[in-house]
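Chains as they are written, first to last, in our numbering: chain A, 46 to 334; chain B, 2 to 320.
Keep in mind that the hints were calculated from the coordinates and are not lab data. Yeah, the Cβ is synthetic: ideal placement off N, Cα and C, and Gly gets one too. There may be inaccurate statements among the hints.
Taking lysine-lysine pairs in the DSBU-like style, the calculated list, with each CA pair at most 35 Å apart, reads [stated by the list, open to error]:
1) Lys199/B x Lys267/A
2) Lys199/B x Lys183/A
3) Lys220/A x Lys183/A
4) Lys183/A x Lys130/B
Under 10 Å between C-beta atoms, here's a sample of chain A residues computed to sit facing chain B [stated by the list, open to error]:
5) Pro112
6) Met137
7) Asp139
8) Ala142
9) Pro164
10) Arg168
11) Arg169
12) Asn179
13) Ala243
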Amino acid sequence: MSGDDGRTDGGTVDPTDDDLAIQTDVSASVQSRDQRVASTETVVRAENVNVFYNDAQALNDISLEIPENRVTAMIGPSGCGKSTFLRCINRMNDLIAAARVEGNLFLRNKNVYDDDVDPVALRRRVGMVFQTPNPFPKSIYENVAYGLEIQGVDGDYDEIVEESLRRAALWDEVKDQLHESGLDLSGGQQQRLCIARAIAPDPEVILMDEPASALDPVATSKIEDLIADLAEEYTVIIVTHNMQQAARISDKTAVFLTGGELVEFGDTDEVFKNPSSDRVEDYITGKFG
Amino acid sequence: MGTDDISAELTRNTKNAPPELLTRVFFFICAALSVVTTASIVVLLVSEAAKFFSVTAPLVGFAGETVSMVDFLTGTTWQVGSGEYGVLALVSATILITVGAGVISIPLGVATAIYLSEYASTRARSILKPALEVLAGIPTVVYGFFALIYITPAIQTLLPDTGTFNLAAASTVVGIMIIPMVASISEDAMSAVPDELKQAGYGMGATKFDVSTGIVVPAALSGIFSSFILALSRAIGETMAVTVAAGSQANFLPPWDPTSYLEGALPMTAAMIQLLLSDITGGGLAYRSLFAIGLTLFVLTLTMNIISDVITQRYREEY
Numbered sequence: 046m047s048g049d050d051g052r053t054d055g056g057t058v059d060p061t062d063d064d065l066a067i068q069t070d071v072s073a074s075v076q077s078r079d080q081r082v083a084s085t086e087t088v089v090r091a092e093n094v095n096v097f098y099n100d101a102q103a104l105n106d107i108s109l110e111i112p113e114n115r116v117t118a119m120i121g122p123s124g125c126g127k128s129t130f131l132r133c134i135n136r137m138n139d140l141i142a143a144a145r146v147e148g149n150l151f152l153r154n155k156n157v158y159d160d161d162v163d164p165v166a167l168r169r170r171v172g173m174v175f176q177t178p179n180p181f182p183k184s185i186y187e188n189v190a191y192g193l194e195i196q197g198v199d200g201d202y203d204e205i206v207e208e209s210l211r212r213a214a215l216w217d218e219v220k221d222q223l224h225e226s227g228l229d230l231s232g233g234q235q236q237r238l239c240i241a242r243a244i245a246p247d248p249e250v251i252l253m254d255e256p257a258s259a260l261d262p263v264a265t266s267k268i269e270d271l272i273a274d275l276a277e278e279y280t281v282i283i284v285t286h287n288m289q290q291a292a293r294i295s296d297k298t299a300v301f302l303t304g305g306e307l308v309e310f311g312d313t314d315e316v317f318k319n320p321s322s323d324r325v326e327d328y329i330t331g332k333f334g
Numbered sequence: 002m003g004t005d006d007i008s009a010e011l012t013r014n015t016k017n018a019p020p021e022l023l024t025r026v027f028f029f030i031c032a033a034l035s036v037v038t039t040a041s042i043v044v045l046l047v048s049e050a051a052k053f054f055s056v057t058a059p060l061v062g063f064a065g066e067t068v069s070m071v072d073f074l075t076g077t078t079w080q081v082g083s084g085e086y087g088v089l090a091l092v093s094a095t096i097l098i099t100v101g102a103g104v105i106s107i108p109l110g111v112a113t114a115i116y117l118s119e120y121a122s123t124r125a126r127s128i129l130k131p132a133l134e135v136l137a138g139i140p141t142v143v144y145g146f147f148a149l150i151y152i153t154p155a156i157q158t159l160l161p162d163t164g165t166f167n168l169a170a171a172s173t174v175v176g177i178m179i180i181p182m183v184a185s186i187s188e189d190a191m192s193a194v195p196d197e198l199k200q201a202g203y204g205m206g207a208t209k210f211d212v213s214t215g216i217v218v219p220a221a222l223s224g225i226f227s228s229f230i231l232a233l234s235r236a237i238g239e240t241m242a243v244t245v246a247a248g249s250q251a252n253f254l255p256p257w258d259p260t261s262y263l264e265g266a267l268p269m270t271a272a273m274i275q276l277l278l279s280d281i282t283g284g285g286l287a288y289r290s291l292f293a294i295g296l297t298l299f300v301l302t303l304t305m306n307i308i309s310d311v312i313t314q315r316y317r318e319e320y
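Starting from the given sequences, assemble the full structure and let the hints guide the process.
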């Protein structure tokens, strides 16, 4: 893979860090999907992460490890900091002037809050899907190819666009209208388009911030099926306030409660069957939140 | 409460109660005032201009001296003294100034808008925005003598052939004058681009440059285009600055020839000022030519506004 060449001068000594490319190398190309092996290696590791918006603390001393090729769900009531945590991983919080992040957050073995990390390069390795479907006012094709274009990826765009749309379970519905506006699609199709756009540059991790909350039940179930498929090749981290959704689709669940505390983190089955604390039990059985 | 009570209550007519009626009528009159004013000006313009052309004069029952409409629209000599009324001499100067002003104001205005909407810190904005408003508030006659006293000598040091009155200086100041208009309308359009779109861009690893040029500008394109048209309409109608800086000699200059900018000419607005200040007799041919130029100018700006509306409709992004 050409992308692995010429990136060893990225500033870190560890050769395995090549996969990361979170240094300022913006020409990193798509890594071969076949090279990825299902494993339980940790992809994202948070160590004592605190986040403040001005003086208000949004996340309180979060430490957790997110495994590769699994779906990890973040659940909790509104304002518990689950979306804030998600946005720490790709440093989208940098765009909010009032936000301040403390602690360490590693993608593979590189702390993304190190001074030498370029947030733009980081976001090229971490895809993101937002709450409201937000395709660009461009054609379907251009939407999917957007990441490849800005990253200057070499390769057959037609092929990558088709493959990404197939992975997002949208190809059959849009293959005859690739050059029509992405905004002409239905809400559920738009969200799958956004997923195709996020996976086209072949990121390490896909972050999803309540990706189905603006969709109807049918579209939601399509997205849920899709997330399960994506986990075969990607590490998916999803924020949701739908507990049934978390139970259905995730392998690991992190429960955040008001005050930005992580009160429970473990295998989804365990968390839902035997929550270790009363507070979590009250939350997941619907006594509040 | 009984049935009769509720029926009386529900059928109370608040819509035509006196305070409602009065305020409605008052606001209607205020709104109608601008329509009436515009309509009267157009009627006056058209009826007086009709007396100028030989084709239309009989229609309004006018028997005096007239000019052929074809000669007016295709003639390139404007000599009121010798009865030559070729409006192209004036239109060419107006076009040259408008194009020149566009060349200056469009890139600078759009760049300013991008900076303000995407790059500027709160502090930079708080300085730049008021500065732009001041630029928009400078009296246009001040721009005129600024052109004459500073810009023309500057151009003459580079190109010694430039006349004292020249279109280059006039276009430059008109261009500077309309930068705030391009910048503020474009910036409004860019600020209206939903934050989710920018977030999507940044989330993909786009740089600020990628987001501004690849997402924000295309999404705001219809607004940016209409800022161009509105600003150029303003340039067409601009009077004082060009009257001072462009000269008083009606002079047909080919708009496709860049050297035209080094010469002076008489744009339509300046020609009207000149006619008004000269001792034209009320009702005479020269007097009526004033309305003919006025109507031409009006048709030109109206066309621009219609084009602007069409563009805004066609390229509006629905998000």
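Structure-based check of all given hints:
Distance hint between lysine 199/B and lysine 267/A is fulfilled; the C-alpha atoms sit about 26 Å from each other, no more than 35 Å. Taking the CA atoms of lysine 199/B and lysine 183/A, the gap is about 14 Å. The hint holds against a cut of 35 Å. The hinted pair formed by lysine 220/A and lysine 183/A meets the criterion: a straight-line CA distance of about 16 Å does not exceed 35 Å. Simply put, lysine 183/A and lysine 130/B have alpha-carbon atoms about 31 Å apart, close enough for the 35 Å limit, and the pair holds.
Nearest Cβ of chain B to the Cβ of proline 112/A: about 23 Å, over the 10 Å cut. The hint is violated. Checking methionine 137/A against chain B: minimum C-beta separation of about 6 Å stays under 10 Å; hint holds. Annotation: interface hint on aspartate 139/A holds; nearest CB of chain B at approximately 9 Å, less than 10 Å. With a cut of 10 Å, the hint placing alanine 142/A at the interface with chain B holds, because the nearest CB-to-CB distance is about 9 Å.
Hint status for proline 164/A: holds, given a least beta-carbon distance of 9 Å to chain B, under 10 Å. A cut of 10 Å between beta carbons decides the hint on arginine 168/A: the least distance to chain B is about 4 Å, and the hint holds. Checking arginine 169/A against chain B: minimum C-beta separation of about 3 Å stays under 10 Å; hint holds. Given hint, asparagine 179/A at the interface with chain B, holds; its Cβ is 4 Å from that chain's nearest Cβ, closer than 10 Å.
With a least beta-carbon distance of about 7 Å to chain B, the hint placing alanine 243/A at the interface is held under the 10 Å criterion.
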